[in-house]
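In terms of our numbering, the sequence shown opens at residue 1 and continues consecutively.
Derived by calculation from the structure, the hints in this document are not laboratory data.
Since we're looking at a predicted model, the values are computed, not measured.
None of the hints are false.
Cross-link-like lysine-lysine pairs, in silico, DSSO-like; alpha carbons within 27 Å at most: (1) K281 x K244; (2) K244 x K215; (3) K59 x K89.
Quick list of the computed label-pair ranges, beta carbon to beta carbon: (4) D234 x D311: 40 to 46 Å; (5) A192 x K294: 29 to 35 Å; (6) D114 x E57: 33 to 39 Å; (7) F147 x T96: 15 to 21 Å; (8) E43 x R318: 55 to 61 Å; (9) F147 x A287: 55 to 61 Å; (10) A287 x S80: 51 to 57 Å; (11) S94 x G191: 49 to 55 Å; (12) T261 x Y299: 18 to 24 Å.
Note that beta-carbon positions come from the ideal geometry of N, C-alpha and C, so glycine has one too.
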Amino acid sequence: MDHCRKAHHCSGIPQQKFKPDHLLLALVLTLCLIFPGLAAAVEQNTTYLPLKINSPEKKATLSQEADTALANALLPASFSMMTREKAEKLVDYSGTWPPSPKGLQKIATATGLDYVAAGSLTIIGDQISIDYKVFDILSPASPKYYFRHAESIQNLSGTLSEVVRDVISYTERDYIIASIAPSGNVRIDSGAISRKIKTKAGDFYNPTTLRDDLKSIYKMGYFEDVRIEVEESDAGKVVTFALKEKPVIRSIEYTGLDAFTEEEVSEAANISMGSIENSTKINNGVAAIKALYKSKGYYNTTVTAQISYPDEEHAALRYIIVEGDKIYIKE
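With these hints in hand, go ahead and build the complete structure from the sequences.
As structure tokens, then:
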């Protein structure tokens, strides 16, 4: 397992820390993320036959429209369908459907792929249905079945995209994300974290995208450690963002006050005890205190934030203020 760590420093907070490991980002990618650039590198393992058209009229037109729709549905995965011309040479589209085991074997021999997806488009009145069976060539007696209604021929591409996604989730399950979720968060809502994750269940497993998701979570500022853990399941990869929240601010101290009361400075800093340590908010507090002093003519005031860690779960925050002389501007 690879361990990559990145030191993280924020302006406004001294780089010398009492507990520097709280600012380390651990990028742990289980299985060493052995599929770089996977979304573009997954090899097609399924033969997608053109749909058999079950309709009393316009079969030629429907065949063209169905072929275009299926090709478009496969395009996002960089997959392709078998041409109708080639398929009709291998199997009998006028006979029973899906093809017989013998017909399936002919297809497998011609393509060398592991699965065959055979579907039909049926139109009865205003009803449009798509039926798909996916055969594992090693065990063709137990196919997977998928079914969808299409509202219209114009919506055929969208409906076929749903079916293709289902098929890929089965045939390419070794490369599909079955589930993705955060864990280990106690105070930060899971929904807020999930909104930072662009990768969704059903997507191809892509380490580059997952790294971007990890960075987005880390930029929230509430976690000292973010890890990607990947486990295999029958449905695909189970991806977990294992999180460790930063300590809770147990105390806040303001030193060097003279021109303002602690209450005034505290209101400006807008940091409360019991909140999770957040470097951005702490630095915003530094800027806000400086702005408060500047508003009253103390232009040379310096403000420094210092953090110590009395224990693993708590932080003590101190704002060290050195008030400059008040500058009077003559009118």
